[in-house]
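Novice: Chain by chain, the residues:
Number of protein chains: 2
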Amino acid sequence: MATHDGSPRYHHGNLRPTLLSMARALLEEGGPAALSMREIGRRAGVSAPAAYHYFNSLDAIAAALAEQGFAELSEGIDAALAGPRRHLLAGGIAYVAFARANPGLYRLMFGEGFQAYSKGNEAIRGLRIGVYRQMKDDLEKRLTPGDVPNAALFLWSLTHGLALLMIDGQVEPGADPDAKLEDILKLAGMGLPAAR
Amino acid sequence: MATHDGSPRYHHGNLRPTLLSMARALLEEGGPAALSMREIGRRAGVSAPAAYHYFNSLDAIAAALAEQGFAELSEGIDAALAGPRRHLLAGGIAYVAFARANPGLYRLMFGEGFQAYSKGNEAIRGLRIGVYRQMKDDLEKRLTPGDVPNAALFLWSLTHGLALLMIDGQVEPGADPDAKLEDILKLAGMGLPAAR
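Chains as they are written, first to last, in full-length UniProt numbering: chain V, 1 to 196; chain C, 1 to 196.
Please note: incorrect hints may appear among the correct ones.
Note: identical chains are not told apart, hence a pair may lie in one copy or across any two.
Claimed, not checked - Straight-line C-alpha distance at most 20 Å; calculated SDA-like pairs for lysine to any residue:
{"id": "1", "residue 1": "136", "residue 2": "85"}
{"id": "2", "residue 1": "119", "residue 2": "171"}
{"id": "3", "residue 1": "136", "residue 2": "47"}
{"id": "4", "residue 1": "136", "residue 2": "187"}
{"id": "5", "residue 1": "180", "residue 2": "57"}
{"id": "6", "residue 1": "180", "residue 2": "120"}
{"id": "7", "residue 1": "136", "residue 2": "32"}
{"id": "8", "residue 1": "136", "residue 2": "71"}
{"id": "9", "residue 1": "180", "residue 2": "97"}
{"id": "10", "residue 1": "180", "residue 2": "132"}
{"id": "11", "residue 1": "119", "residue 2": "170"}
{"id": "12", "residue 1": "186", "residue 2": "142"}
Note that these hints are calculated values from the structure, not bench results.
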């Protein structure tokens, strides 16, 4: 945390990005449970109390990491949607690609503890709504308004489940994970045929 | 663990089911990270070393809990499939209902640490294949054999994702969670309409 006049109280230069970057590495090494202020400080070369000057709790670090994550996820989906592929499919592929590239961060953003540290965080709330909006915009072109929320939850469940099964080692991604991913996400548009 | 002649070395009666039941309660209270041999023993009224006579590691307890879980999940799906509802939909509803009723156990069975404690466990492997088989049997009635694995992963991703979003508090289940669940699982059969 900065002092009231905006200058850091300790003269380490601006430690904030360094602390975040160390926290993010720790998160990818050992998951959300591995985050500890002492270890984050140690890796940044400062004491835990010095680290507390920038983030007043582990929850504040988790929230800052989640902010980074939602911003990057949103950018990834934007970039995919700007490409030549069909919109929702490209967005779904980008979504799962983000989770596979950042498994620890993904679990932090969409896992069990999320409500605890993100509660009342307007920046995270805004970013989450932004990601949801990217999906919803496309659904609104093809569905009546009343059908959009369930369709959105259907797509989110599918991509979330697939992402976790892959990063948690529950399914073998196979020789060409991207092709497999695409084949599965395509089924969301086609549906399964009825039993004969 | 029992001694070689099959009798428990300590005379607490058969502690095994008691220890498992205490472990399961602990799992539901605090998730897989809350499992500790000392606390399981304490709740069963024995020392950690006494508990180690029945389970030689926490992984062994986790594996025994996962076995229980897969057996119960399989029974739940069987019961649903024996009912009047369409097969896959009823199975999907039973799957998510199991996760919602046993969130800690569900995370243990399908989460990140699963490979570590279940490796080489033939009982778990058999039960998992059994649950997979329940879904696959129905898919084989409506798809060519080559399309079954992707369809199965599609359905598993959807139900897994929806179950976790609900138990992790990422989505509001709303006033009638079962109806919402059913509406969303139905989309797997229909698919989403193409963009206009």
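Novice: Next, verify each hint and record whether it holds.
Specialist: Going through the hints against the structure:
With identical chains, the CA atoms of residue 136 and residue 85 are at most 20 Å apart within one copy only, with a shortest distance of 17 Å there and 31 Å across copies. Taking CA atoms no more than 20 Å apart as the test, residue 119 paired with residue 171 passes between copies only; the shortest distance there is 14 Å, against 32 Å inside one copy. Proximity of residue 136 to residue 47 under the C-alpha cut-off of 20 Å is found in neither arrangement, the shortest distances being 45 Å within a copy and 55 Å between copies. Proximity of residue 136 to residue 187 under the C-alpha cut-off of 20 Å is found in both arrangements, the shortest distances being 18 Å within a copy and 16 Å between copies.
In this assembly of identical chains, the alpha carbons of residue 180 and residue 57 never lie at most 20 Å apart, being 41 Å within a copy and 37 Å across copies at closest. Proximity of residue 180 and residue 120 under a CA criterion of 20 Å is satisfied in neither setting, with 38 Å inside one chain copy and 26 Å between copies. In this assembly of identical chains, the alpha carbons of residue 136 and residue 32 never lie at most 20 Å apart, being 29 Å within a copy and 35 Å across copies at closest. In this assembly of identical chains, residue 136 and residue 71 lie within 20 Å of each other by CA distance solely inside one copy; the values are 17 Å within and 39 Å between copies.
In this assembly of identical chains, residue 180 and residue 97 lie within 20 Å of each other by CA distance solely inside one copy; the values are 12 Å within and 28 Å between copies. For the identical chains of this complex, residue 180 and residue 132 are inter-copy neighbours only, at 19 Å across copies versus 24 Å inside a copy, given an alpha-carbon limit of 20 Å. With identical chains, the CA atoms of residue 119 and residue 170 are at most 20 Å apart between copies only, with a shortest distance of 12 Å across copies and 30 Å within one. For the identical chains of this complex, residue 186 and residue 142 are neighbours both inside a copy (16 Å) and across copies (18 Å), given an alpha-carbon limit of 20 Å.
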